[in-house]
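Protein chains in written order, with numbering that gives the first Met the number 0: chain A, 0 to 428; chain B, 0 to 49; chain C, 0 to 207.
Mimicking DSSO-like on lysine-lysine, the simulated pairs with C-alpha atoms at most 27 Å apart in a straight line are:
id: 1; chain 1: C; residue 1: K143; chain 2: C; residue 2: K120
id: 2; chain 1: C; residue 1: K141; chain 2: A; residue 2: K186
id: 3; chain 1: C; residue 1: K132; chain 2: A; residue 2: K186
id: 4; chain 1: C; residue 1: K141; chain 2: A; residue 2: K165
id: 5; chain 1: C; residue 1: K32; chain 2: C; residue 2: K14
id: 6; chain 1: C; residue 1: K65; chain 2: C; residue 2: K32
id: 7; chain 1: A; residue 1: K165; chain 2: A; residue 2: K186
id: 8; chain 1: C; residue 1: K42; chain 2: C; residue 2: K141
id: 9; chain 1: C; residue 1: K135; chain 2: A; residue 2: K148
id: 10; chain 1: C; residue 1: K45; chain 2: A; residue 2: K14
Residues from chain A that face chain B, not an exhaustive set, calculated with beta carbons under 7 Å:
id: 11; residue: H250
id: 12; residue: T253
id: 13; residue: I349
id: 14; residue: P398
Honestly, the hints are just simulated from the structure, not real lab data.
Predicted, not measured: the structure shown is a model, and the values here were computed from it.
The beta-carbon is built from N, C-alpha and C at its ideal position, and this holds for glycine as well.
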Amino acid sequence: MAGEQTAGPAGSKAKVFNCTNCGAPLRVQALGQTLVVACASCASVIDAQDERHQVLSKGARLQAMPLIPIGTRGQFRGHLWEVIGYMVRYDKASDYDWREYLLFNPRQGFRWLTEADGHWSYVVPVHTKGQVLGDTATSLNQSYKLFHKGTAIVSQVIGEFYWRVKTGDAVQVQDFIRPPEVLSVEKTTDEQTWSLSTYVEPSEIATAFKVTQTMPWRKGVAPNQPGYTPEAHMRLWGYAGLFFFALLIIHLMTSPIRGTKAVYQYTNFLMPGEAIVPIVSEPFTLVGSPRVLSVRMEADVDNSWLAAELTLFDTKTGKGFEFEHGVEYYRGYEGGEHWSEGSQVREFSISSVPAGTYTLTMLPKTDTLTKPISYTITVKSGGVIWSNFFLGLLLLAVPPLVAMWRRHRQEKKRWSQSDFAPAVYQEDE
Amino acid sequence: MTFNKLFLIFGLGVCGFVAYANLNGWAVVGGSDTRYNRAGGPVVRGFYHK
Amino acid sequence: MTYSCPACGGDISFKSSISVSTVCPYCQSLLLKNDQGLEELGKMAKLPEDLTPFQVGTRGQYGGAKFEILGRMRIGWSDGMWNEWFASFSDGREGWLAEAQGALMMSFRDTSEASPPSLSKLFPGAAWNHDKKLYKVDDIKKAKCIGSEGELPVAAAQGRESTSVDLSTMNGDFATIEFAGNQTRVFTGRYVEFDQLGLTNLRELDGW
Chain A
0 MAGEQTAGPA GSKAKVFNCT NCGAPLRVQA LGQTLVVACA SCASVIDAQD ERHQVLSKGA
60 RLQAMPLIPI GTRGQFRGHL WEVIGYMVRY DKASDYDWRE YLLFNPRQGF RWLTEADGHW
120 SYVVPVHTKG QVLGDTATSL NQSYKLFHKG TAIVSQVIGE FYWRVKTGDA VQVQDFIRPP
180 EVLSVEKTTD EQTWSLSTYV EPSEIATAFK VTQTMPWRKG VAPNQPGYTP EAHMRLWGYA
240 GLFFFALLII HLMTSPIRGT KAVYQYTNFL MPGEAIVPIV SEPFTLVGSP RVLSVRMEAD
300 VDNSWLAAEL TLFDTKTGKG FEFEHGVEYY RGYEGGEHWS EGSQVREFSI SSVPAGTYTL
360 TMLPKTDTLT KPISYTITVK SGGVIWSNFF LGLLLLAVPP LVAMWRRHRQ EKKRWSQSDF
420 APAVYQEDE
Chain B
0 MTFNKLFLIF GLGVCGFVAY ANLNGWAVVG GSDTRYNRAG GPVVRGFYHK
Chain C
0 MTYSCPACGG DISFKSSISV STVCPYCQSL LLKNDQGLEE LGKMAKLPED LTPFQVGTRG
60 QYGGAKFEIL GRMRIGWSDG MWNEWFASFS DGREGWLAEA QGALMMSFRD TSEASPPSLS
120 KLFPGAAWNH DKKLYKVDDI KKAKCIGSEG ELPVAAAQGR ESTSVDLSTM NGDFATIEFA
180 GNQTRVFTGR YVEFDQLGLT NLRELDGW
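Isolated chain A (complex conformation):
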């Protein structure tokens, strides 16, 4: 802005006079608007308008100094501001306190920075006021939820103010939240003042006002602290939904279209007393991308088992892939009930089998046979691996669920300090 300097001599044209009570130097930057100056040294509140500079009131001697010293200037949100006043207030019911910094710019007027539990907000007066209906306040077509109702009392003042403030001054306050904003109204018997606070990251304040000390640590969740907004949450579920469809399409596009295809089948009998010899299959060729091969074994075992040692030979490399397979089935009748265990059919799958020409060598094994067993070994190639798709779905569901849980936790923490928490966020008794 024309004429504004960032690091200009703080209040070079400020009016200076001495504290009537203790002689400490006092400054008035907002000439014409400042009514009182509160002395940092002796806590007296001095009349700034009248040359006699009378002592209007006195506060408690022991005072906490502001984190941002009076007179500090900073470029913040598009304009140059000077900190001219500092006030500490507390809530009558809970004794909880917070700090307020009065910002001044001769063209823009007054603003505030507030700090509570390490959380900062930038406060702007709202001339359009607001309308209260039960637990909600509306202003400019936005609605805010009641968070706090109470009495705010001034416990300490330092610097300039545009009204005759003194320690002990009390106002009725109501705060309505819509993170990152708070719509507040302060009432005295004669008037109502509305203001809108917006959450500010401590780092932005520290940079703008060149705070060299460590900013106070943030405790808990501030009433207007932005978290994961409901809108962002909806968007996340929207993305998850889109990914569901994308995943389905990708899954179908990358799966073998023809489903499973039997590439080899062998059926035989095992006769009692016959020697068991290994069987070598005809070669079978697999084409295309790697796939799942499933080897299905069926046998009419009845209270017995049939196992096989199988080797899948790659005819090109001559290397064998050995695996065991088998079926067992037992049943009986005991105590008036039929029972059975096992199955006559079993599938064994081998995944990621690449294209190539293979032979299957089989060596069946069993106990001493009392009766013949007929068995069939079928090799099937391909098949849609639905477990991959469902794994993908599960993975996609994790972030939205985590976000939901985190958001619920944050809102619970936020509303834990309020007497007006919505039922779903109320503390469990």
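We have chain A; now place chains B and C onto it with these hints.
This is chains B and C only, laid out in the frame that chain A set:
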């Protein structure tokens, strides 16, 4: 990076991973007892191999 | 038309046809325009120092029309002071730019036939339906003119007392009903931001 942006990247990763598994006939969880190993011998679990 | 100051003889001219008073820039006499010419009403004390960014001669625009600040009244009340800048608009309207507690309000002399409620019926929170808007009283101040500069459309004598009732709507509309002596004047307008007025020829502020 916001949570949502990270999720978009994660989601693309999941889709890509599933596509890769499908194209390699790889059943990532269950449904498959062993994974074929060209060098010979089963790679993971499966039955006792002497 | 040029006049001559009855006190010191200096050249006096009025930039607005609706101005009725002015402060002589040479001898600080408060002059009132009447049928005979200029009448001296006494000396106007120097205004207390302030950090206002406005001055006589500041120009700007509002609502599509251009204005020029021709004068100012500084008003005091029990809890402070504020400035009322006379904004003379190119379309002849009498505009007032109020500068109070960091807020700016631009309002115009309400020339509609509607008569405002009497003071006895007004209190903080009272409602007034006017010009299809629902105003509510914000506050009632007993005000006194501390001083003035430049030309004004009223006889702003130092010490001129009035009761000022400020009202506003939920949409940022602003109104003032001023009871002074036996006169009641109504002004309606809006809260405005400094940056939306396109101001030029502002007062230089040392350090700002």
